[in-house]
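S.K.: Chain order of the listed sequences is A and B.
Converting from the first sequence to this note's numbering requires adding 987 to each position, the first position being numbered 1.
Converting from the second sequence to this note's numbering requires adding 3 to each position, the first position being numbered 1.
FYI, nobody ran anything at the bench for these hints, they're computed from the structure.
A portion of the hints provided could be inaccurate.
[To be verified] Sample of chain B residues facing chain A (criterion: CB under 10 Å; computed from the structure):
| no. | residue |
| --- | --- |
| 1 | 285 |
| 2 | 288 |
| 3 | 357 |
| 4 | 358 |
| 5 | 361 |
Cβ atoms here follow ideal geometry from the backbone N, Cα and C, with glycine treated the same way.
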Amino acid sequence: MKGRPENLSPDVEARPVILEIEGLTHYFDSLRAVHDFSVTIKEGELVGLIGPNGAGKTTVFNLITGVYRPTAGSIRYYGAQLVGLPSHEIVQMGIARTFQNIRLFANLTVLDNVLIAYHPHAGYGLGDAIFRTRRYREREKDMIERSQEFLEIFGLADRQNDIAGSLPYGLQRRLEIARALATQPRLLLLDEPAAGMNPQEIDQLMELIHFIRDRFQLTIFLVEHRMRLVMNICEWITVMDFGEIIARGKPEEVRNNPQVIEAYLGRQAIR
Amino acid sequence: MFRKFGINSSLSFWLVSLGIFVLVQVLISAGIINPYWQNIIFWGAAITMVSLGLNLIYGFNGQFSLGQFGFYAIGAYASADITYRWVRQDPSALVVVIFGSILALVFMFGVSAFLRRFYGVATLTKFLFHLLATVLGFFLAVRFINPAIGKSVYAALNALPSEVSQQIVFFLALVGGATLAGIVSYLFGIPVLELGSDYFGIATLGFTIIVKVLLDNTDTLLPFPEMKGARGMVGIPKWTTWPWVFICFMAVVLVMRNLLHSSLGRAILSVREDERAAELMGIDTASQKILAFVVGSVFAGLAGGIRAHDQAFLHPTMFGFLPSFNPLIIIVFGGLGSMTGTIITGFFWIFLLEGVLRLYLPEGFETWRFVVYPLVLLAMMLLRPQGLMGRYEIAFLRRPLPPLRVKKEMPVAVEPTPRAEEAVA
């Protein structure tokens, strides 16, 4: 896409804004899910969005990826307006996401799951597929090789022909991240990646997140309510409650913010 | 069975297919397969082709369609009209269908390229533009192309030996019928596939009924007196031969197989698995649904042409409400998402219902067929709900599993997953 540098600039200050959300508001009928949400994310940052259940975090992700159309507000990706674009185009522009409750293509193989994410880059059409042209064979081989590389990176290489739904939970999470990365994103949205994980697995996940950010030069925006994960890896944190932003800042600032503690633990906790 | 001789699945598939082709041809030539059973075989092939198309739409893409008999009817009547008029020295249907389809496709291509430049075009607007393009294409074909070149096309084709020209016209009639079915399904699919799967099913059922009503009134509502409305169309040349059936059938099987084994096929499958997730992997799910629907309907249209020129008689009741459930029953019976299952069940279905049971049930008991098969169906759903074959495929039709990659040195290694992770599941 236009104006998008190939690699992250080494100068952190000079990095461009990758995602800029302003005044984002969304109503489900008369229920206010998100109100006046704003956030600015620079390239290469690792930003967390936290808040109690039902605060509207996942709705924000759904709005960014075009699943819902916001009632008001703007979402800009490298300056380009995303509101109104269909999801698949937003993803093709370079925004990938995972889901809170894993949504793999459960009856297909592990490799197929990754290959499907490559489909927009397949580079051949119906005619090539039907007549098995040389382009079909070359592109197909290339896609399979690149997908296998992904699986290798995520430690799934020897599982490539297993049915995705039969994988253990932790591996399904990994596969979902691998599949999201296969769409070749610049911005990765992780929706509660630690859901259902034990502390040891969370440690591994944190390593994995750091690793993929460096390896794929990604900007990561993650929703989570496991404090442990967020406080440890995020550089910036935004806290939501009842659809509104109640705090933002560095982890240590947020940790001591009375409003945040109130939202998480209830009013008594502050006294 | 061929593996021990070191013959791969592809070669053995071709050998078996060729064997079946030669065997049936010899038996037909020798008169061992009489016209009655020949009709059953051709009919079985046609129904199987429709069912394969439906399996692509429902079994592989997850869109519940009851409209396939509508497209079957369109293919049958269109190709029958082409040959009917041809043998009566009138090339107009041939010229109009072929050139009209080409023009309509070109215009539609232009329209969709034009509409792609705008974001958020409403579905109905899109539909109207495509409809206009189609109507314009066929209007030009009727009004200008046919009067201009109709006679010369007829003269040119008739200059060839009559056997050759007959085969060419038959081929063009089959292609024309299939293309027409494809164009109609595309137009119909634009607004309707936007609905969810169940609503799509209801809408396609409506489509079958509309087609049936139009066929009942071809001589009054539509300007086709030769189709004779509810009295049935007679006088269609009986041109379907075993080689034609075989070629068309194999073409359908191969196109479907190659499509499913490609990236497009995986995208089609992903829509069935989880439409939302597919959309968020960057897949344009709407166009995948249209693709599966159009390809499936082209298969139905082609089957219609085969059937029309085998039976040499078409009647609207052949495409009515009840028979339109046959392909659905066949694919559920054979296994949703299994080509092998559909092929076996499709032939078996016609063999049993129209062949064996009709012949061997005592006089006056043919009607019992329709008591027997719901019972079989019921037993099936109770005992084997995934269908006869489940998702099993013979080796040739199975999606290949790529071999594991030979490990090169890893750029950066991630810790291998410990067992603890599995305990959580």
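S.K.: All the hints need checking, so say for each whether the structure fits it.
M.R.: Against the structure, the hints:
no., hint, verdict
1, 285, "holds, 4 Å"
2, 288, "holds, 7 Å"
3, 357, "violated, 32 Å"
4, 358, "violated, 33 Å"
5, 361, "violated, 38 Å"
Taken one by one, the earlier hints fail for this structure at numbers 3, 4 and 5, listed in ascending order.
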